[in-house]
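**Student:** Based on the hints, put chain D in the right spot on chain F.
Chains as they are written, first to last, in the numbering used here: chain F, 1 to 114; chain D, 1 to 237.
Certain hints may be false.
[Unchecked claim] Now the in silico label distances, taken between C-beta atoms and shown as ranges: (1) D:I208 x F:E12: 38 to 44 Å; (2) D:G40 x F:C27: 41 to 47 Å; (3) D:D87 x F:E12: 45 to 51 Å; (4) F:R15 x D:Y139: 52 to 58 Å; (5) D:E12 x F:A41: 54 to 60 Å; (6) D:E12 x F:P36: 54 to 60 Å; (7) F:C27 x D:A181: 22 to 28 Å; (8) F:G93 x D:Q148: 34 to 40 Å; (9) D:E145 x F:G99: 18 to 24 Å; (10) D:S154 x F:Q16: 33 to 39 Å; (11) D:E12 x F:A95: 26 to 32 Å; (12) D:L97 x F:R15: 46 to 52 Å; (13) D:V29 x F:E12: 22 to 28 Å.
[Said to hold, decoys possible] Keeping only pairs whose Cα atoms sit at most 20 Å apart, straight-line, the calculated SDA-like set for lysine to any residue is: (14) D:K224 x D:P211; (15) F:K22 x F:T48; (16) F:K28 x D:P143; (17) F:K28 x D:M73; (18) F:K28 x D:P211.
These are calculated hints, taken from the structure and not from any lab test. Computed from a predicted structure; not experimentally measured. Heads up, the beta-carbon is just placed ideally off N, CA and C, and yes, glycines get one too.
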Amino acid sequence: MILEQLEVTPDELERQTGWVLKPEGLCKDDRCVPLPTGSAADGLVDVTAVAERLGMPLVHDDRHDLWALGPEAGDRVLASAELPPIVLADVEGQAFDLGSLRGEKVLIAAWASW
Amino acid sequence: MALPVWQQLRTELHPQGLEIVTVALDLEVDAARSWIERSGADHPQLVDTAHRLDELLGIVNVPTALWVDENGMIVRPPHTAAVERYDFSKLKTPEGLPDDLDAHIRDMLEQVKRIPRFDADHYVEALRDWVEHGAASEYALTPEEVVQGSASRSPEVAEAAAEFELGQHLHHAGHVESARAHFRAAHRLQPENWTYKRNAWELVSPGIQGPSDFYDGDWLSDIKAAGPEHYYARPDF
Numbered sequence: 001m002i003l004e005q006l007e008v009t010p011d012e013l014e015r016q017t018g019w020v021l022k023p024e025g026l027c028k029d030d031r032c033v034p035l036p037t038g039s040a041a042d043g044l045v046d047v048t049a050v051a052e053r054l055g056m057p058l059v060h061d062d063r064h065d066l067w068a069l070g071p072e073a074g075d076r077v078l079a080s081a082e083l084p085p086i087v088l089a090d091v092e093g094q095a096f097d098l099g100s101l102r103g104e105k106v107l108i109a110a111w112a113s114w
Numbered sequence: 001m002a003l004p005v006w007q008q009l010r011t012e013l014h015p016q017g018l019e020i021v022t023v024a025l026d027l028e029v030d031a032a033r034s035w036i037e038r039s040g041a042d043h044p045q046l047v048d049t050a051h052r053l054d055e056l057l058g059i060v061n062v063p064t065a066l067w068v069d070e071n072g073m074i075v076r077p078p079h080t081a082a083v084e085r086y087d088f089s090k091l092k093t094p095e096g097l098p099d100d101l102d103a104h105i106r107d108m109l110e111q112v113k114r115i116p117r118f119d120a121d122h123y124v125e126a127l128r129d130w131v132e133h134g135a136a137s138e139y140a141l142t143p144e145e146v147v148q149g150s151a152s153r154s155p156e157v158a159e160a161a162a163e164f165e166l167g168q169h170l171h172h173a174g175h176v177e178s179a180r181a182h183f184r185a186a187h188r189l190q191p192e193n194w195t196y197k198r199n200a201w202e203l204v205s206p207g208i209q210g211p212s213d214f215y216d217g218d219w220l221s222d223i224k225a226a227g228p229e230h231y232y233a234r235p236d237f
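Excised from the complex, chain F in its bound form (with noise of 0.2 Å):
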């Protein structure tokens, strides 16, 4: 996730990683992890601290002052079989959510145009 100040509110957080803020800590799926005190208060979760006990790395570019949040690494991409939330745009700019698909069989295919 691109962020402009290395703090963000629990629901950015949670809409971007899909990581819950919860009083025992970060939550997903059924694995939880502690925050260091402090590092979640007053309505925002300092993301230097998320990063470290998640294994998330985070990037700058000093010249324009931006960070980036990748995923946490470990062992593999898929943590679970679940697709994952992904909403993409078509051409016209129209957000298409896959997970409306609920019920269908799906094929996804990735491609370019390069």
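**Tutor:** Frame of chain F, contents of chain D only:
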């Protein structure tokens, strides 16, 4: 181009409950637009300008597909799906090119011809089998097999995703030069990701993705270094 083949398969298998969604891994929507508009497809055709599918699903090249069942469970993780029956051995360089470009393209075609052939007929049979038999199909994997069959995400691969995200964000904001530094970093961190590389090369060397002042690699040098037999991570279905 595989889009018409996906449309044919959709026409055949949609009555049996299969939907197809094509996703263009193009940085620029306009690069994909004419292909999409000409395809005449009646399934969703999306464009992933940020390469979310690379990060979320571990896609590193195209064409790549995955299968998802009625409950939203992946039953076949990302795999090469070159459904277009294309005879690369008949590829020729266009007439009338300058000598150096002609030699470069000749060299590219030699590499393309060494990419192992994908058995599209077998693939389509496997797809039909899954659509008909669902979880009972031998081609539908268990959740454990899907997780284990997905790509590995080392710290370098995770960092490459972050670098590419920053790069594409800056690119779309008009900061083309700043974007290149992050694309270069993504290339260095995950050299096996051809979508990161080819998108960036295409912007500075359209068509042949040749050497440039902006990137260390180019299509021809990189496929020679990797070996054309490794161009697709999973050539066998």
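**Student:** Any hints this thing doesn't respect? Which numbers, in order?
**Tutor:** 4, 7, 10, 18
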